[in-house]
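K.L.:
When we follow this note's numbering, the leftmost residue of the sequence shown carries the number 1, and every step to the right adds one.
Hints may be right or wrong, so weigh each one.
Below are the SDA-like pairs computed for lysine to any residue, each with C-alpha atoms no more than 20 Å apart in a straight line [stated by the list, open to error]:
(1) Lys154 x Ser4
(2) Lys49 x Val77
(3) Lys100 x Cys111
Okay, the calculated beta carbon distance ranges per label pair [unchecked claim]:
(4) Asn66 x Ser4: 44 to 50 Å
(5) Thr67 x Lys3: 45 to 51 Å
(6) Lys154 x Ser33: 41 to 47 Å
Simulated from the structure, these hints should not be mistaken for lab results.
Glycine included, C-beta positions come from ideal geometry on N, C-alpha and C.
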Amino acid sequence: MAKSKENNKRLMIVSRLLFIIYMAVALYILLMSESFGRTVTENYRYNLKPFAEIKRFYYLIGTESNTKAVLNLFGNVICFLPFGLYQAAELNSKKFLILKVTLLTLLFSLCIETVQLYFKIGIFDVDDLILNTAGGFLGGVIYRILWIFGKLLKS
Numbered sequence: 001m002a003k004s005k006e007n008n009k010r011l012m013i014v015s016r017l018l019f020i021i022y023m024a025v026a027l028y029i030l031l032m033s034e035s036f037g038r039t040v041t042e043n044y045r046y047n048l049k050p051f052a053e054i055k056r057f058y059y060l061i062g063t064e065s066n067t068k069a070v071l072n073l074f075g076n077v078i079c080f081l082p083f084g085l086y087q088a089a090e091l092n093s094k095k096f097l098i099l100k101v102t103l104l105t106l107l108f109s110l111c112i113e114t115v116q117l118y119f120k121i122g123i124f125d126v127d128d129l130i131l132n133t134a135g136g137f138l139g140g141v142i143y144r145i146l147w148i149f150g151k152l153l154k155s
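With the hints as extra help, turn the sequences into a complete structure.
P.N.:
Here it is, written out as structure tokens:
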């Protein structure tokens with residue numbers, strides 16, 4: 001039993017360290033990486049029309065802009081999937097877990113988009129909020145499925 005507690009403690013420390021590394025990389029990509037179009041502009045740039053960019057990128061799949069479209073659509077989802085997984089593991093509650101994770105992801109994404117707008121880095125995009133939140137939601141769902149599967153294996 002003591003060994004199990006020690007292993008859980010180590011797992012918690014490792015997962016928190018990995019989350020810190022994930023956050024540092026994600027924030028760098030989302031706020032500072034010029035490779036991802038993060039350049040400071042003179043004007044505020046924003047998209048407040050839901051699904052406008054999602055539709056545009058969806059129609060670009062299969063064209064010469066395919067890489068940009070796939071990166072935008074799936075990159076935002078995948079980038080926030082670990083955030084949802086980690087938040088679900090930290091909350092570790094049965095009641096409203098997915099709703100809480102989704103809300104936390106939305107708030108975190110909103111903070112990032114607001115920083116981008118304020119500092120005129122990239123574009124404040126409501127579609128990014130949608131895609132990022134979907135990624136966090138999926139992370140929460142994956143955690144819940146793994147938790148249920150783990151419970152079934154133990155019984």
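K.L.:
If a hint holds in the structure, say so; if it doesn't, say that too.
P.N.:
Hints and how they fare:
1. The suggested pairing of lysine 154 with serine 4 holds, with an alpha-carbon distance near 15 Å, which does not exceed 20 Å.
2. Using a Cα cut-off of 20 Å, the hinted pair lysine 49 and valine 77 holds, with the two alpha carbons roughly 19 Å apart.
3. A threshold of 20 Å between alpha carbons decides the hint, and for lysine 100 with cysteine 111 the separation of about 17 Å falls inside it, so the pair holds.
4. A C-beta distance of roughly 48 Å is found between asparagine 66 and serine 4, which places it inside the suggested range of 44 to 50 Å.
5. At about 48 Å, the beta-carbon gap between threonine 67 and lysine 3 stays in the expected band of 45 to 51 Å.
6. Under the hint 41 to 47 Å, the C-beta atoms of lysine 154 and serine 33, about 42 Å apart, fit the expected range.
Every hint, counting from the list given before, is met by this structure.
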